[in-house]
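**Q** Sequence:
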Amino acid sequence: MKTTRRHLIAALGLGATLGLALPAWAADPLKIGVSAGPYGDILRHTAELAAAQGIEAEIIEFTDWPLINEALAHGDLDANNFQHIPYLQNQITARGFDLVPGPASIVVPTGVYSARLTSLADLPEGGTIAIPNDPSNAARALFLLEKAGVIRLKEGAGITATVLDLAGNPRNLRFVELDAAQLPTSLPDVDAAVITLNYAVLAGLDPKTALILEDEHSRWHLVWATRRDNAEDARLKTFIDLYRSPEVKEFILTRFDGTILPTW
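Those letters in the sequence shown? Residues -26 to -1, 1 to 238, by mature numbering (1 follows the signal peptide of the UniProt record, and there is no 0).
None of these hints come from the bench; they were simulated from the model.
Check before you lean on any hint, since a few could be wrong.
To be verified - With a straight-line cut-off of 25 Å between C-alpha atoms, the simulated SDA-like cross-links for lysine to any residue are:
| id | residue 1 | residue 2 |
| --- | --- | --- |
| 1 | Lys128 | Glu190 |
| 2 | Lys121 | Phe149 |
| 3 | Lys121 | His195 |
| 4 | Lys182 | Ser88 |
| 5 | Lys211 | Ala26 |
| 6 | Lys128 | Arg193 |
| 7 | Lys223 | Asp203 |
| 8 | Lys182 | Asp163 |
What the hints assert, rightly or not - Per label pair, the in silico range of CB-to-CB distance:
| id | residue 1 | residue 2 | range |
| --- | --- | --- | --- |
| 9 | Asp2 | Gln63 | 47 to 57 Å |
| 10 | Asp2 | Asp231 | 30 to 40 Å |
| 11 | Gly142 | Ala208 | 45 to 55 Å |
| 12 | Gly142 | Ser219 | 37 to 47 Å |
| 13 | Gln27 | Asn146 | 55 to 65 Å |
| 14 | Val150 | Gly130 | 20 to 30 Å |
| 15 | Glu221 | Asp72 | 27 to 37 Å |
| 16 | Glu32 | Asp180 | 23 to 33 Å |
The structure presented is a predicted model; accordingly, all values stated were derived computationally and were not measured.
A virtual CB, placed ideally from N, CA and C, is assigned to each residue, including glycine.
Between the sequences and the hints, there should be enough to build the whole structure, so can you do that?
**A** And the structure:
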């Protein structure tokens, strides 16, 4: 038994030295976190491509956004792909995580949805709009509403904009800030809600029914995130390269029919 084990260890060492592919059980699978919803489908498709190159990856879905960065920071994940840079930077500042952004992945358009209206032009005087309560996505919602001509933000308002940065609100709209996961359930009680795509899809909303959606030029595109200590991991870099491949781009465009937009 001891001899067999020595031979096995020697064989693995020789394989690594010669650059030979090691058996799948010789290394733990990459663990990649993602928020529940359509993003995971893209990662699972990438994992199939990675498996053909001898890289095993486990895709782990979360329903609570803050837990994804916490799991990455504590070493329970090797990477995640669910957030834009403003959200990541806010988490790093607020929670002290030693995380770094990687390459861009996709634009997952946030949209304005309504159970009462068919156009934002029909927003009533004094109407109510629900927006996310986390700082980065609240700003994102306000910029989308400005793009739609509903409000006007102060000159110079940036990715930390809040409702205090309104320079124009001609319909005297009221804003209700809610947890992102609660926004779809708020639709019966508000005139409109600004909802991220993953929560819209999970709630059964069709992005094509949104009153307005972000486009591919959104500054809130998603990025890969890693810990600083594993940012140069070779298997992870290969996985991300496969994610940003023509094959995965074609998968996204076909599967999601323009509701998710590749950045490459």
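**Q** All hints are to be evaluated individually against the structure, with a verdict given for each.
**A** Consistency of the hints with the structure:
1. For the hint linking lysine 128 to glutamate 190, the alpha-carbon distance of about 24 Å falls within 25 Å, and the restraint holds.
2. Proximity of lysine 121 to phenylalanine 149 is assessed by CA-CA distance (about 17 Å); at most 25 Å being required, the pair is judged to hold.
3. For the hint linking lysine 121 to histidine 195, the alpha-carbon distance of about 17 Å falls within 25 Å, and the restraint holds.
4. Taking the CA atoms of lysine 182 and serine 88, the gap is near 12 Å; set against the 25 Å cutoff, the hint holds.
5. Restraint check for lysine 211 and alanine 26: satisfied, since their Cα atoms lie roughly 16 Å apart, inside the 25 Å limit.
6. For the hint linking lysine 128 to arginine 193, the alpha-carbon distance of about 18 Å falls within 25 Å, and the restraint holds.
7. Restraint check for lysine 223 and aspartate 203: the C-alpha separation of about 29 Å exceeds 25 Å, so the hint is violated.
8. With a C-alpha separation of about 21 Å, the suggested pairing of lysine 182 with aspartate 163 holds against the 25 Å cut-off.
9. Between aspartate 2 and glutamine 63 the beta carbon distance is about 29 Å. The supplied range of 47 to 57 Å is therefore violated.
10. For aspartate 2 paired with aspartate 231, a C-beta distance near 36 Å keeps the hint of 30 to 40 Å intact.
11. For the pair glycine 142 and alanine 208, the supplied restraint of 45 to 55 Å holds, since their beta-carbon distance comes to about 51 Å.
12. Here the CB-CB span from glycine 142 to serine 219 is close to 44 Å, well matched to the stated 37 to 47 Å.
13. Taking the beta carbon of each, glutamine 27 and asparagine 146 are about 57 Å apart, inside 55 to 65 Å as hinted.
14. Against the hinted window of 20 to 30 Å, the Cβ-Cβ separation of valine 150 and glycine 130 comes to about 26 Å, which satisfies the hint.
15. Checking the proposed 27 to 37 Å range against glutamate 221 and aspartate 72 shows it holds: the Cβ atoms sit about 33 Å from each other.
16. Between glutamate 32 and aspartate 180 the C-beta distance comes to about 30 Å, which sits within the given range of 23 to 33 Å.
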